[in-house]
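Asker: First to last, the protein sequences are chains F and V.
What the first sequence shows, in the numbering used here, is residues 1 to 113, in sequence order.
What the second sequence shows, in the numbering used here, is residues 114 to 226, in sequence order.
A few of these clues could be false.
Claimed, not checked - Facing chain V, from chain F, some residues (calculated, C-beta under 8 angstroms):
(1) Tyr33
(2) Gln41
(3) Gly42
(4) Leu45
(5) Tyr48
(6) Val52
(7) Ile60
(8) Glu101
(9) Ala102
(10) Phe104
(11) Gln106
(12) Gly107
Since the hints were made in silico from the structure, they are not lab data.
Quick reminder that beta carbons are idealized off the backbone N, C-alpha and C, glycines included.
Listed here are the chains, written in short residue letters.
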Amino acid sequence: DGGITQSPKYLFRKEGQNVTLSCEQNLNHDAMYWYRQDPGQGLRLIYYSQIVNDFQKGDIAEGYSVSREKKESFPLTVTSAQKNPTAFYLCASSIYREAPEAFFGQGTRLTVV
Amino acid sequence: GDSVTQMEGPVTLSEEAFLTINCTYTATGYPSLFWYVQYPGEGLQLLLKATKADDKGSNKGFEATYRKETTSFHLEKGSVQVSDSAVYFCALTPRAAGNKLTFGGGTRVLVKP
Chain F
1 DGGITQSPKY LFRKEGQNVT LSCEQNLNHD AMYWYRQDPG QGLRLIYYSQ IVNDFQKGDI
61 AEGYSVSREK KESFPLTVTS AQKNPTAFYL CASSIYREAP EAFFGQGTRL TVV
Chain V
114 GDSVTQMEGP VTLSEEAFLT INCTYTATGY PSLFWYVQYP GEGLQLLLKA TKADDKGSNK
174 GFEATYRKET TSFHLEKGSV QVSDSAVYFC ALTPRAAGNK LTFGGGTRVL VKP
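In isolation and in its complexed conformation, chain F is listed as follows (with noise of 0.2 angstroms):
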């Protein structure tokens, strides 16, 4: 079955150590997000990539890092640089195409312990 996969379900991180999220699409889609969500809030764009070896910045990118060496794979590294890690994690992909629709992964809960 197509679909996207994230991985781990679940993430702990020692303060001050960087982890890295996985997604995986096997969609043939252009374009990967992450987003992030925090408790009884809506999501924020951190990071996303409408082709290979490119990427864009989004309205909260600081702390965090992503590579786009594959169309299947936009991993997400959470750095000791973000302040105020722990939340849900969503990956999403679409087609590069006039207004898509998306495609959600079943996220990523990461807690700093």
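With chain F's structure known, arrange chain V on it following the hints.
Answerer: Below, chain V alone, put in the same frame as chain F:
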């Protein structure tokens, strides 16, 4: 910039009641509009969409009509079930290719038996 405003929840209803969730937007041009649903601990699923004025999106008994004159896209369902308990997000994307989604803050709906 683009923005989406939706009514704050939680909205608590009895089974078989009528549900309305208000959504208004601010955007340049004529964006495409979407409703997404999120069940506890999961990612977002596309519920319905509309790509031009007066379009009506519908799915699983839910409906929403793209009203350009009032810049609104209110979600309705005539008879809710307990299984409709979830968080609902209104979103938009500009018509040009390669643009990302802008989300409202989400509305939690709780349906009681």
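Asker: Could you run down the list of hints and mark each one as holding or not?
Answerer: Against the structure, the hints:
{"no.": "1", "hint": "Tyr33", "in the structure": "holds, 6 angstroms"}
{"no.": "2", "hint": "Gln41", "in the structure": "holds, 6 angstroms"}
{"no.": "3", "hint": "Gly42", "in the structure": "holds, 4 angstroms"}
{"no.": "4", "hint": "Leu45", "in the structure": "holds, 6 angstroms"}
{"no.": "5", "hint": "Tyr48", "in the structure": "holds, 5 angstroms"}
{"no.": "6", "hint": "Val52", "in the structure": "violated, 14 angstroms"}
{"no.": "7", "hint": "Ile60", "in the structure": "violated, 13 angstroms"}
{"no.": "8", "hint": "Glu101", "in the structure": "holds, 5 angstroms"}
{"no.": "9", "hint": "Ala102", "in the structure": "holds, 6 angstroms"}
{"no.": "10", "hint": "Phe104", "in the structure": "holds, 4 angstroms"}
{"no.": "11", "hint": "Gln106", "in the structure": "holds, 5 angstroms"}
{"no.": "12", "hint": "Gly107", "in the structure": "holds, 5 angstroms"}
Violated hints, in rising order: 6, 7; the structure is consistent with all others.
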